[in-house]
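> Taken in sequence, the protein lines are chains A and B. With my numbering, letter number 219 in the first sequence gets 219, and the count goes up by one each step, no holes. Counting from 1 along the second sequence, just add 304 to a position and that's the residue number in my numbering.
There's no promise every hint is true.
What the hints assert, rightly or not - Here are the simulated distance ranges between beta carbons:
hint, chain 1, residue 1, chain 2, residue 2, range
1, B, S424, A, L88, 29 to 39 Å
2, A, E106, B, N397, 39 to 49 Å
3, B, K306, A, N249, 14 to 24 Å
What the hints assert, rightly or not - Chain A stretches covered by chain B per the calculated footprint, using a threshold of three residues with CB under 8 Å from any CB of chain B:
hint, stretch
4, 23-30
5, 51-59
6, 63-75
I should point out that these hints are in silico values taken from the structure, not numbers from a laboratory. Note that this is a predicted model, so its numbers are computed, not measured. Quick reminder that beta carbons are idealized off the backbone N, C-alpha and C, glycines included.
So you can see what is in the structure, the chains are spelled out below.
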Amino acid sequence: MVNLKVRIGSLELSNPIMSASGTFGYGLEFADKLDLKKIGAFVTKGLSLKKRLGNQMPRICETPAGMINSIGLENVGMDAFETEKLPLIHKTGAVVMANFFGETEEEYVESARRLEAMDGVHALEMNVSCPNVEKGGIEFGSDPAFLEKLTKAVKKVVKKPLIVKLSPNVADIRPFASAVENGGGDAISAINTLKGMSIDVKSRTPKIKRVFGGLSGPAIKPVALRMVYECCNTVKIPVIGIGGIASLNDALEFLMAGATAVQIGTMNFVEPEICQRIAGELSAWCVAEGVSDITTVTGSLKIA
Amino acid sequence: MKPKILRNVPMGKRYRMIDFEWPDDNAQPGQFVMIRVTDSVDPLLRRPMSIAGLANGRMSIVCAVLGKGTAILSEKSEGDFLDVTGPYGVGFNPPESETALLCVMGGVGTAPFLFLKSRSNKKIIAFYGAADKDGLGIQTKFDEMHFSTVDGSVGTKGLVTDILLAHPEIKNKNAFLLACGPKGMLKAVDQICVREKIQGELSLEERMGCGFGVCLGCMVETDEGNKRVCVEGPVFKAGTVKW
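Looking at chain B on its own, in the form it has when it is part of the complex (with noise of 0.2 Å):
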């Protein structure tokens, strides 16, 4: 599809939010789109994109620089048309009964939060974790909203652990966890579902060559053999990846 750009905005200071046209209503939070940013071959792949929101005919992103593709993706101005595949991967998949979620995410891995929250009405605790104050670039409020940075010019100094473990649903056996960013934070929340016995998912990112399967370039450890991130993931169930 082949949509036009509705809006490019700041997310604070090292993202951007994208809107553009999407007339279909068929994405679930925690699934991605691929997009390409240029008709030339160089970059050459399309970028995995997470959905931070889907609705009234438009979809949204949430871009950080991080290379050549996203620095163009990200000068992308309003009007301009964009080349978008998708959307892809399973989603989260939260049970029915449970009322809160612990939403743990860091970075740019607050995008499928933001989607979430907007098509669920539980009660979201987000801990929101970055290495410093410009890597915090959340403006939409969950219901409860916990911040770390490393360097400690935001909330807690520390890791977005440190806080998920001092909040009291920790303890909470009936509590369900998601969480989304870098491997190494997901991999240490994934040690504290096992060991605190709760229930979650983990959205996992992996450099992709396609989206849909067929490079074999993201493929990830699990206690069920290998998986593709982006077929079989990107959520996966917390206590079964092969880290």
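Next up, chain A with everything else stripped away, as it sits in the complex (with noise of 0.2 Å):
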């Protein structure tokens, strides 16, 4: 019998595989594509105070091995998710990690505040790296002091787990995990998208309406796992690796350099059964390798 248990701070995940926010909508869209048990934990779409609708089309295109998105944020509003959309998911009884973001720390904590009361949610994620809006807390993840502020002050109101997500639009992405655990962080995520850019040679004009969007998929993957695994050398709490996961040789990937858990993002749009997949192979594979307990696995890299 393999345990494939993790922990992020408070909370008990029945294994590591889990879904990025931004690319499983509210879970519902998938409830008839996977069974949301079976995974770890889904994380929303990112959650504002008030709805929002993002900005103007085109807003993602395709890169090799990749896509571009702008999305900017676009979601239904702490309200609408609190009344429509959790009931639903509740049903499901799939583990709930609720992303959110702010303008500014007042917006944060009274998000936090707001997620912290509502049943049904099992974590919290802050979202202070969102490329793609002018206000979106960009400016809370490129400043550390800024950050450990707002996590201190975001913490003060919640007692679920929070998980802060980083940027990796960063010169050195270390004194940023740093910051998360110093303002009292239970976890990190890592990595948002790289901010990128694609131009349609022939009509000379960016793909992306705004020029430039978060690059996401496969072809991040190495960058994401030389940032995790910068984290994970950095601090103590437990990070979760993120970036163009497709299969389970990559997850072992940002598990073996550190990550407890990782997050699957992109590939849901392509193979929306992916995060069960890959949870049955870990499964199989620890089995096949001797692997009793998954956590044995986190930052088993050996470096000679």
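With the hints as a guide, dock the two chains, each given alone in a separate frame, to form the complex.
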């Protein structure tokens, strides 16, 4: 019997495979595509106090082994999430991590307070790293002192596990990982998308209306893995690895680099059942490798 | 589903018609499927393809080669396997009472009408426009066919909206119009519907990341707010889209 359980703060997950925010809607869109109880947790689309419409079209484009998005944090807002989505999500038996963001510290704190009060939200993931909005926390994600202060302020109003999702669009991610830890955050998730760009040569126009967007998908995996490894070597709190995971092998790389759990993002679009598939494959891999507890795989990278 | 390709044949000079196994009879004209053309991660995303036919365990799509993904798809052989999900979206829903349908199509936008023709006993008056002769890839005959090309190589020289406006049925307030094609064409057709007070439905095309409503990459602004082309569409009522 393999033990796949992992712990993120006070929350125990049945396995370390999760879906990433912005690629899994509110979970309900996947209810007929996989068994939500078979994945460690799912992370909601980023929520704000008020409903948001997001950026102008076009706001996605494909790139080699990846895609760029500039959705701009479109979401139904905290009220609709609580009254329309959450009761239905609850029926699926899924473990729910609510991703949230704000434009000011007060908005972050108020959002966190709301989510703390919602039964059926098991953990919070704070987005300080969306590259697609003028004010969507990115300023908090680009100054470690700000980030530590924000983490402290939010942590004050939540008892549920608080995960802080970091931006890769910084020269060195390690001070940010430390800022989360020093601010009392329960875990780090990394990485968000890499700022990128693509041009339609025929029309000489950017393929994304806002010119820049966030690059995701298998193309970013080596960069993500390096940054997750750096975070893991910097802090003692759990790190959730994200970035281009498309296979069991990819997930194992993040775990071996030190991640406690992983999130699968863009590949949910291509293969909606991928989280469940990889969770199953992980269990089989453990049996084949004689691994009885998945936590022994975390950080098992051997460097000569 | 991983259906086997049963046929891949040219349809005019620029398109391919690809048939593959499809055991369910579960789709409506105007709906689409998402096709993954490779097991590798490049190209990464599935391609949305309008359903061009579904009968006797066989689904058809019309593929125009626009980039790497559609190039790979067009080169698949009979016996190869595809990775197909769907059907997705909301299809055409013309009222029961109408007997004639004005169907305006551009380029690869014929696909849903081929399917519609196989499912409907209404008279279909087709207006088919393209840039040039090679852009017209149609083989199935509708009840009435009117062609336009921008270069004048086939049919009336000009835009498809020109031949639509020249048709007597456009003055029939009971006519029902359906359209599928490039955005510019749909916008022009939509304006005609509003101006002539004709009921109609437009099938929109947008870049899609997922096809089932989670990536939010294919939004369209309507008078009822932002809608996802893949879930609330691709078919929208004429006069509701904010272009």
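> Against this structure, judge whether each hint is valid.
Hint check:
At roughly 36 Å, the beta-carbon separation of S424 of chain B and L88 of chain A lies within the given 29 to 39 Å, and the hint holds. Judged by the Cβ atoms, the range 39 to 49 Å given for E106 of chain A and N397 of chain B holds: they are separated by roughly 47 Å. The hinted window of 14 to 24 Å between K306 of chain B and N249 of chain A holds, with their beta carbons roughly 22 Å apart. Only when three residues or more bring their CB closer than 8 Å to a CB of chain B does the claim for the stretch 23-30 of chain A stand; here the count is 5, and the claim holds.
Counting residues of the stretch 51-59 of chain A whose C-beta sits closer than 8 Å to any C-beta of chain B gives 5, which meets the bar of three, so the coverage hint holds. Coverage of the stretch 63-75 of chain A by chain B holds. Counting CB-CB distances below 8 Å, 7 residues qualify, and the rule asks for three or more.
In terms of the numbered hints stated before, the structure departs from none.
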